[in-house]
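There are 4 protein chains.
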Amino acid sequence: MSNQEDQPDPTGNNDHLIKSADSQHPANLIPELCRKFWTLGWVTGTGGGASIRNDDLVYLAPSGVQKELMKPEDIYVLALSQQVDPKQRIYLRSPPAFKPSQCTPLFIAAFTKRNAGCCIHTHSQWAVLVTLLLETVQSDLFEINNIEQIKGFGKGFQKQGNLGYHDTLKIPVIENTPHEEDLTESLEEAMNKYPDTYAVLVRRHGIYVWGETVHKAKTQAERFDRPLFMEGNSADVF
Amino acid sequence: MSNQEDQPDPTGNNDHLIKSADSQHPANLIPELCRKFWTLGWVTGTGGGASIRNDDLVYLAPSGVQKELMKPEDIYVLALSQQVDPKQRIYLRSPPAFKPSQCTPLFIAAFTKRNAGCCIHTHSQWAVLVTLLLETVQSDLFEINNIEQIKGFGKGFQKQGNLGYHDTLKIPVIENTPHEEDLTESLEEAMNKYPDTYAVLVRRHGIYVWGETVHKAKTQAERFDRPLFMEGNSADVF
Amino acid sequence: MSNQEDQPDPTGNNDHLIKSADSQHPANLIPELCRKFWTLGWVTGTGGGASIRNDDLVYLAPSGVQKELMKPEDIYVLALSQQVDPKQRIYLRSPPAFKPSQCTPLFIAAFTKRNAGCCIHTHSQWAVLVTLLLETVQSDLFEINNIEQIKGFGKGFQKQGNLGYHDTLKIPVIENTPHEEDLTESLEEAMNKYPDTYAVLVRRHGIYVWGETVHKAKTQAERFDRPLFMEGNSADVF
Amino acid sequence: MSNQEDQPDPTGNNDHLIKSADSQHPANLIPELCRKFWTLGWVTGTGGGASIRNDDLVYLAPSGVQKELMKPEDIYVLALSQQVDPKQRIYLRSPPAFKPSQCTPLFIAAFTKRNAGCCIHTHSQWAVLVTLLLETVQSDLFEINNIEQIKGFGKGFQKQGNLGYHDTLKIPVIENTPHEEDLTESLEEAMNKYPDTYAVLVRRHGIYVWGETVHKAKTQAERFDRPLFMEGNSADVF
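As you go down the protein sequences, you meet chains A, B, C and D in turn.
Residues in the first sequence are numbered consecutively from 0, following numbering that gives the first Met the number 0.
Residues in the second sequence are numbered consecutively from 0, following numbering that gives the first Met the number 0.
Residues in the third sequence are numbered consecutively from 0, following numbering that gives the first Met the number 0.
Residues in the fourth sequence are numbered consecutively from 0, following numbering that gives the first Met the number 0.
Certain hints may be false.
Repeated chains share a single entry, so a pair holds when one copy, or any two copies, can fit it.
With a Cα cut of at most 30 Å, we get these calculated DSSO-like pairs of lysine-lysine [said to hold, decoys possible]:
hint	residue 1	residue 2
1	Lys18	Lys98
2	Lys158	Lys18
3	Lys154	Lys18
4	Lys192	Lys158
5	Lys70	Lys169
6	Lys192	Lys70
No lab work stands behind these hints, which were simulated from the structure alone.
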């Protein structure tokens, strides 16, 4: 469901913002990422997605689209600096046939609070399973250490270097809400409480992962999935 | 096995009904969907399939074909309005080398009783596993709530909006029969008993999923598979 | 390891036997099948393979080749009618750089004893797991009924029609041997004891599946894998 | 992290070393292998990789690259004979935008101590799970026999023939270290203690697999993954 007060761009559709022959342009990259995520089983049905920020411009997948079929023409674009009221979102470019994603405020939180360049949202089955396992012990924090995969994560926002093998990767778990946009407050709280995290798990829902670049966000998302698989597949082992 | 009384189109084969340069034409879409389903492991051997309705016309995959190799020329076409007797099915277009699918009456039930535009039948391993788990507690109803995936389902036939996160998704389970066409009666009964369902599980067999459009049916089929995976993989968790 | 007494074709290499523009020609089909099987995880390393019979001619994948990279030029061809001594196998066409597969006598058993048109050998992980589960109860027979997948199997050699849903699919399990060719005797014994089977499981090794045509053998192999998955994944359910 | 003292080639970048129209050239093969490994889930995030030796020349994937997107231009080349001090590694060819992989000394150990032609490093989830299972019994040796897959391994360094079905495949497990290059000593010790092994598991990390050729290393890596899957998936069975 879209936010009814979202304002389409009134002066034209600025299609030049999503047309580029460069395969690394966000409007080309987002569909390519979503195709990969569909193959990985991370985005099923129309759930999950990705957003890329390029300076002030934010590129967003729309709501309700089949993720493996997305095209550059389906991409929304907005300027962060133009956003005054989250309930009156201003888009520079809107696709004619879609609605904005409910994930938009969550992606924007990663961009504005963490200066992220890319944010990925998946419904990874391992992410969901782990939040269920943690629920049985009433935990809202996934912690893991002594596992090689965690070395792919930065030490945290504005810190140099990556986590070491003996460091502990901590991913907060927030409770799901009926409307995805209502996750924004608790996602921001989790970011405040765990300022160095690059991801937030959403109970019975999935995971948000971000990074300074598309490369960082994507490889961190892949690296998160593996320890979650380990935990989900062998809870008795750890 | 085909129904012996099926009547081929006596006046020519109407191949124009399955020839189109439009990738969204049902005769092109069904093979594309079946290739994806084969990759997902939903249609193994020759089992499973998909059917699309376009107003009065129904497009059907044939029986016994390798699903990842299907071609537009393999597609059956019939007009709903011409069907008088299920035992004397009239086809506008029949492929020369195949038999009609035994799923035909089940697909037609979704089209006529629910006004569906697309119906998908899979042998998803998670669907089968869940029917086995439910069998151990003598249940013929799969119920799940508080899981994000269910938000992808409409509230029901002729209702506005989608299920909420706290709503309960209910999928009836019907018992399998030796002949697939004999499932029709119990599928229709399940539709009557659960008028808002978009799917029916078939014990030790698979699942039927439908929707108003190909987009809806396909994304609902993907969304169903995930909670079934959750249930099948962690029965002790829920 | 090849049989040292294998005789290469002395009069030339008969490359015309493996050159065809027809995608359905056995020399084109075997590499395509093996690529699919590699993707399915059925043929890992160099293990597993497929053979096709066309009247008297038998086409065979070689030993030791990476299955997803196989080419028509890698295919062996022999004439069944020319085989007098299994230890002195006569090939009409041999690829220059490979050795004959140790599976050759097993494929030939399916062709000669069951008139099969295609025989597939996989190292399916579910097949291996099931033989291990059966080993714990000292069983050499996998039996399953009341599962839709079994309806894809014929009733048996020279019989009409397919298994019904309530019929019992029986697949004998033979013990593995150090040399694959030494399986031939027990495979043939299993064929004699279970004349209607289209497959034989090999303990701690994999499965042989055959059929009258490539279509039948392949779809049966796909259908076998699913009940084996069910059994391997939920031994307590059945 | 790269070794700070690594010396780029001072006399030009020798791009001719990584440009070839031959699909079997190491600079073309490494990216192709890494794409396959990404699809198999063996190399997630930027972890894992492959290296090929051609006589004195060693081709190496760089650090920190998305493995499914690697290009020949990303490949490092060094001459084994020019390496005097591991802390002062000399490269014939360095990609402009990357750092050398920390796996470099481990790959080189396989080349110099075992005369390998290719070495593969994966983060296979089954490899990691098995090291965790072995940890619960304080074991640093994975042993398996009577499983067909082991027949794909050579008997050992400078020995003729392959393991038999009744032989025991032994893979040592070494403890992980914070810096991957610090694994070198224990990897070499494991090679000394188990001179016939073609692989070393790294606890909570992954596996190194090598072979005389790319073909041998790759097919052995595929074959290792299957028994590890068996062990990880059915620890109670063996």
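Taking the hints in turn, this is what the structure says about them:
In this assembly of identical chains, the alpha carbons of lysine 18 and lysine 98 lie at most 30 Å apart only when taken from the same copy (20 Å versus 33 Å across copies). For a Cα distance limit of 30 Å, the shortest separation of lysine 158 from lysine 18 qualifies neither inside one copy, at 35 Å, nor across copies, at 38 Å. For the identical chains of this complex, lysine 154 and lysine 18 are neighbours neither inside a copy (36 Å) nor across copies (37 Å), given an alpha-carbon limit of 30 Å. In this homomeric assembly, lysine 192 and lysine 158 come within 30 Å of each other (Cα to Cα) only inside a single copy, at 16 Å, whereas the closest approach across copies is 41 Å.
Taking identical chains as interchangeable, the C-alpha atoms of lysine 70 and lysine 169 are never at most 30 Å apart, the minima being 35 Å within one chain and 34 Å between chains. In the homo-oligomer, the alpha carbons of lysine 192 and lysine 70 never lie at most 30 Å apart, since the shortest distance is 37 Å inside one protomer and 40 Å across protomers.
The structure shown violates the earlier hints numbered 2, 3, 5 and 6.
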